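Start from the sequences, fold in the hints, and give me the full structure.
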Amino acid sequence: MSIITRSPFLFRINTGSCNGCDVELATTAMIPRYDVERLGCRYTGSPKHADILLVTGPITARSKPYLIEVLDELPRPFVVVAIGTCPTSCGIFRDSYSIEGPLDKYIKVDVNVPGCPPRPQAIIDGIAKAIEIWKRKIRDEK
Amino acid sequence: MSGFLKIAIRNLLKGPTTDPYPFGPTFVPDKLRGKLKVDPKACTACGTCEEVCPSAAIHITKNNNLYVHITWYNTCCFCGNCEFFCPTGAIKLSNNFHTANTEEEKYKFVSIAVIPEIKCEKCNSFFVPPSEELLKRAYPHINEEIERFRKICPECRKKEAFKRLYK
Chain B
9 MSIITRSPFL FRINTGSCNG CDVELATTAM IPRYDVERLG CRYTGSPKHA DILLVTGPIT
69 ARSKPYLIEV LDELPRPFVV VAIGTCPTSC GIFRDSYSIE GPLDKYIKVD VNVPGCPPRP
129 QAIIDGIAKA IEIWKRKIRD EK
Chain Y
11 MSGFLKIAIR NLLKGPTTDP YPFGPTFVPD KLRGKLKVDP KACTACGTCE EVCPSAAIHI
71 TKNNNLYVHI TWYNTCCFCG NCEFFCPTGA IKLSNNFHTA NTEEEKYKFV SIAVIPEIKC
131 EKCNSFFVPP SEELLKRAYP HINEEIERFR KICPECRKKE AFKRLYK
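Here the protein sequences line up with chains B and Y, keeping their order.
Count the first sequence with my numbering and you get residues 9 to 150, in order.
Count the second sequence with my numbering and you get residues 11 to 177, in order.
Since the hints were derived computationally from the structure, they do not count as laboratory data.
As the structure is a computational prediction, the values presented were derived from the model and not from experiment.
Mixed in with the good hints, there may be bad ones.
[To be verified] Result set (DSSO-like, lysine-lysine): computed pairs, CA atoms no more than 30 Å apart in a straight line: (1) Lys145(B) - Lys118(Y); (2) Lys137(B) - Lys113(B); (3) Lys173(Y) - Lys137(B); (4) Lys116(Y) - Lys145(B); (5) Lys116(Y) - Lys143(B).
Following this line, the structure appears as structure tokens:
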């Protein structure tokens, strides 16, 4: 069994982001130039299959219940990656009336990728770190 | 048909277009706004960058005759306001984009510049001298007298300048 290694699935949730980070994520995954599937992971449409959760956007009051719902649906163990300055520390939206962030209030974040938006290479860096953490978590569980 | 063949052969010869980044070098534009670099010799700790920073990533604190300029990248939005408004040109945004960090180093992901104060030659009080970049902006030519005034504190400088008037 140890020869067979599992590949992580990525799931992306937008919690009120301006779409800048989502465009960069799409660039990282979709176009052949920054192909994130080289690292052995790919996107999934359902949080029930996901191993690595990518969160973009400051957690707005409207999107917070949906985020918590997704976090409950994820299979354990999972890794949370905050993409962009907003989920990391809320950035320029900090202390606003409709912002309930940052993300580490609700769940233990593993990797932060700040930037507004971060470069695709920085996102690839973050996902590579997240895969290592995920493999360590699986090893610890066995 | 010939056009298609041309493209096919060209693509075969060129190889893949994938950026080899995590395993190889990558292309970085020169004007990319990445981590910032503070030149402690040019900085006068005036606090303009702290004032204009939209996400409050920059903090300048005073600690025993030293001004400490701290930039926390986990809230910086890399807008370049600090570079634009810096009166001495001490802050420059480099094209270093490596921002991924783990949660353990979240609050340690900072860059620190230390701006020392110097002792006034007349009254022994501490102050931050105007940097050379600032003098170049203020005066067309820097002569010896300006250099002498640079080493004394603002209070003593006022007195000296007033004495010079009535000589």
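Structure-based check of each hint:
no.: 1; hint: Lys145(B) - Lys118(Y); in the structure: 24 Å, holds
no.: 2; hint: Lys137(B) - Lys113(B); in the structure: 21 Å, holds
no.: 3; hint: Lys173(Y) - Lys137(B); in the structure: 65 Å, violated
no.: 4; hint: Lys116(Y) - Lys145(B); in the structure: 20 Å, holds
no.: 5; hint: Lys116(Y) - Lys143(B); in the structure: 21 Å, holds
Hint 3 alone, counting from the list given before, is not met by this structure.
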